[in-house]
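Visitor: Line by line, the protein sequences give chains A and B. Letter 279 of the first sequence, counting from 1, is numbered 279 in the working numbering, and no numbers are missing. Residues are numbered in the working numbering as their position in the second sequence, beginning at 1, plus a constant of 422.
You may find that some hints are simply not true.
To be verified - Subject to a maximum C-alpha distance of 27 Å in a straight line, what follows is the list of computed DSSO-like cross-link-like pairs (lysine-lysine):
no., chain 1, residue 1, chain 2, residue 2
1, B, Lys438, A, Lys234
2, A, Lys299, B, Lys520
3, B, Lys616, B, Lys557
4, B, Lys520, A, Lys416
5, A, Lys40, A, Lys146
6, A, Lys416, B, Lys514
7, A, Lys234, B, Lys484
8, B, Lys514, A, Lys299
9, A, Lys234, B, Lys497
10, A, Lys234, B, Lys437
Don't read these hints as lab results, they were simulated from the structure. Note that the coordinates shown come from a computational prediction; the quantities given were computed from them, not determined experimentally.
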Amino acid sequence: MNKNKEQLLNKRYKAEKRFRLYGQSAIFMALLFLTVFIFKIFSTGYSAFQKTWLIVPVTFDAELMMLEQNPSKEDIQDADYYDIALKSMADLDPNANEDQENELKRMVSYFFEKEIKNELLNDPSLIGKTKEVYLTASDDLDQVFKGNYPRDLPEDQRRVSDYQLKIFDQLVANGKVESKFNISFFTNADSREAELAGIASSFMGSIFSILVCLMIAFPVAVLAAIYLEEFAPKNRFTDFIEVNINNLAAVPSIVFGLLGLGVLLAIFQLPRSTPLVGGITLSLMTLPTIIIAARASLKAVPPSIREAALAMGASRMQTTMHHTVPLSMPGTLSGTIIGLAQALGETAPLILIGMVAFVNTIPGSPMDPAASLPVQIYIWAESAERGFVEKVSACIMVLLGFLITMNLFAQIIRHKFEKKWS
Amino acid sequence: MIKIKAKDVDVFYGKKQALFNISLDIEENQVTALIGPSGCGKSTFLRCLNRMNDVIDICSVKGKILINDFNINDKSCDVVRLREKIGMVFQKPNPFPKTLYENVSYGPTIHGMAQSKQEMDEIVETSLKKAALWKEVKDRLHEPGTGLSGGQQQRLCIARAISVRPEVILMDEPCSALDPIATAQIEELIDELKKEHTIIIVTHSMAQAARVSQHTGFFHLGQLIEHGSTDKIFKNPDNTKTQDYITGRFG
Chain A
1 MNKNKEQLLN
11 KRYKAEKRFR
21 LYGQSAIFMA
31 LLFLTVFIFK
41 IFSTGYSAFQ
51 KTWLIVPVTF
61 DAELMMLEQN
71 PSKEDIQDAD
81 YYDIALKSMA
91 DLDPNANEDQ
101 ENELKRMVSY
111 FFEKEIKNEL
121 LNDPSLIGKT
131 KEVYLTASDD
141 LDQVFKGNYP
151 RDLPEDQRRV
161 SDYQLKIFDQ
171 LVANGKVESK
181 FNISFFTNAD
191 SREAELAGIA
201 SSFMGSIFSI
211 LVCLMIAFPV
221 AVLAAIYLEE
231 FAPKNRFTDF
241 IEVNINNLAA
251 VPSIVFGLLG
261 LGVLLAIFQL
271 PRSTPLVGGI
281 TLSLMTLPTI
291 IIAARASLKA
301 VPPSIREAAL
311 AMGASRMQTT
321 MHHTVPLSMP
331 GTLSGTIIGL
341 AQALGETAPL
351 ILIGMVAFVN
361 TIPGSPMDPA
371 ASLPVQIYIW
381 AESAERGFVE
391 KVSACIMVLL
401 GFLITMNLFA
411 QIIRHKFEKK
421 WS
Chain B
423 MIKIKAKDVD
433 VFYGKKQALF
443 NISLDIEENQ
453 VTALIGPSGC
463 GKSTFLRCLN
473 RMNDVIDICS
483 VKGKILINDF
493 NINDKSCDVV
503 RLREKIGMVF
513 QKPNPFPKTL
523 YENVSYGPTI
533 HGMAQSKQEM
543 DEIVETSLKK
553 AALWKEVKDR
563 LHEPGTGLSG
573 GQQQRLCIAR
583 AISVRPEVIL
593 MDEPCSALDP
603 IATAQIEELI
613 DELKKEHTII
623 IVTHSMAQAA
633 RVSQHTGFFH
643 LGQLIEHGST
653 DKIFKNPDNT
663 KTQDYITGRF
673 G
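Please model the complete structure; the sequences and the hints are all you need to start from.
Guide: Shown next as structure tokens:
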């Protein structure tokens, strides 16, 4: 009998041990996946924050630029830079034939002419002189310099020719290749050229979309939640509404995208690809999330506070506005931020309403065409060029940073402003 | 003088009847205690007097309750005006999570009782003095009310209730969450308050009823079994159930 009991006890201890082990291994697995994921993103993405520059001596030859003596600012603006740009690249190898000169030109970005022009605009006294100018390396050489490019491929499978590599290696040996922090990744809009593509357009697009979403979803959701929680009679009809709000929260986001496409674009003729339409579509998605969060935090306000206010002769409206709503605000706000963070990461509905279009301008208002960060990730991930691989990861890092900041903010609001009930 | 006259009051929660045919007169400027076992309907009756039962959707009240000869269950009765005249103190101290000052000034503010900041300061001071809390808190009026001890919080709630000079104060087991010292302070306070206010107190403690009240009503299973002067109820009750309850044989 006694032995039996001991066995039973042992069994129980073992079962508990096993159960703990299951839990620990589950957490370990989750952490492992997360670590692998983050490591992968960081290891591919970090190099996008560096940009490779070629330092090339440029002679600002007035004749080649078709500039008169003592040119005005406008003259410099309108001057012809193509020839001096071409010449300075060709001069890298004095023995180059015509084909090779062409290859030399392609070692820098498409906009090298503009970079040379900006140099002169900043300092007009350079006319007639020679100066070493920083030119953006082409995306392929950028990848070569970062060590992401397989140099041992046969030449016909490479986008960089042996000749270009030879010249590049010479430049590296002479210290004429430099890696600097990639500011243009944050200040440029999207571009077909990987070395010039940046997230400014999609970042602003995301911000505008989120603002539009906030301005629509927050007031509507909070008013709906207050009405449902504090004023609406509890009957079948309100139960029905409640069930449907919960259902709405579970609707796949692409359905909202179709709604945006069919209603906002087709019927109301709002401009395509704009954060305005994106924001409205996202607000439909965020609405139920905020309503649920706001109702939960209204419910969490102890009834004794409502009774206290009512017993003082406050009307229902005063009770709600003076006491219940202010007390529920921290919860509502952090729910809102979490809803917005969800919307921020949403891709499918934005693709449907056309925010996937190639936009190479930075939007100045919600009415201008723009992309958004997750859609930008999608666009770049689709691009074949090697230079976009690191951009995808870098963009994910920016988006994750954005999301983490928002969630952190939600946590801070929750902890700092939540009242403790005695 | 009779302040409140309840006549044939029935209360229903949905289909379930909670109070049966209650008729009770309450004297002005005296303390009336309502006693009885848990669930007997004494709190429900108390909440009828300032129409707090309105908050509960399924609750319906029938019968007349006359306060100053005006039926508060009449449609023409405005609950906001009513609750300005009938204050309430709850079982668990429930100060607003705001400062002490805001707690006390809330009622006067919403009812527009002060024309200036100075007047409001005066109202807050007198209310806190009447609630015997002024000395303890005068230096920290702008600290949160929830930071006080339980007994102080309850006195703050009393100060809040009397800030609008109600004619009647309803107290729903105001001491049940307090220690004996705080209880004694509140009881002393009740004795003081009855000079200006009519007080109705629901209590589980028979000793408390005997100490503070002049009149007592005994409720059982939704019925008012017996009521009369406290002396009579405790020394020489007419009904055997009352006798059994106050001697501790049931309940």
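Visitor: If a hint holds in the structure, say so; if it doesn't, say that too.
Guide: Hints and how they fare:
Between the alpha carbons of B/Lys438 and A/Lys234 the distance comes to roughly 19 Å, so the proposed pair stays at or under 27 Å and holds. In summary, the hint linking A/Lys299 to B/Lys520 is supported, as the alpha carbons are separated by about 19 Å, within the 27 Å threshold. Taken as a hint, the B/Lys616 and B/Lys557 pair is honoured in the structure, with Cα atoms around 21 Å apart against an allowance of 27 Å. The straight-line distance between the Cα atoms of B/Lys520 and A/Lys416 is roughly 15 Å, inside the 27 Å bound, and the hint therefore holds.
Taken as a hint, the A/Lys40 and A/Lys146 pair is honoured in the structure, with Cα atoms around 16 Å apart against an allowance of 27 Å. For a cut-off of 27 Å, the pair hint linking A/Lys416 to B/Lys514 stands: about 26 Å separates their Cα positions. At roughly 22 Å between alpha-carbon atoms, A/Lys234 and B/Lys484 fall within 27 Å of each other, so this suggested pair holds. Only pairs whose Cα atoms come within 27 Å are accepted, and B/Lys514 paired with A/Lys299 is accepted, the gap being roughly 19 Å.
Of the pairs offered as hints, the one joining A/Lys234 and B/Lys497 holds, with about 22 Å between alpha carbons and a cut-off of 27 Å not exceeded. For the given pair, A/Lys234 sits about 17 Å from B/Lys437 by alpha-carbon distance, which is consistent with the 27 Å threshold.
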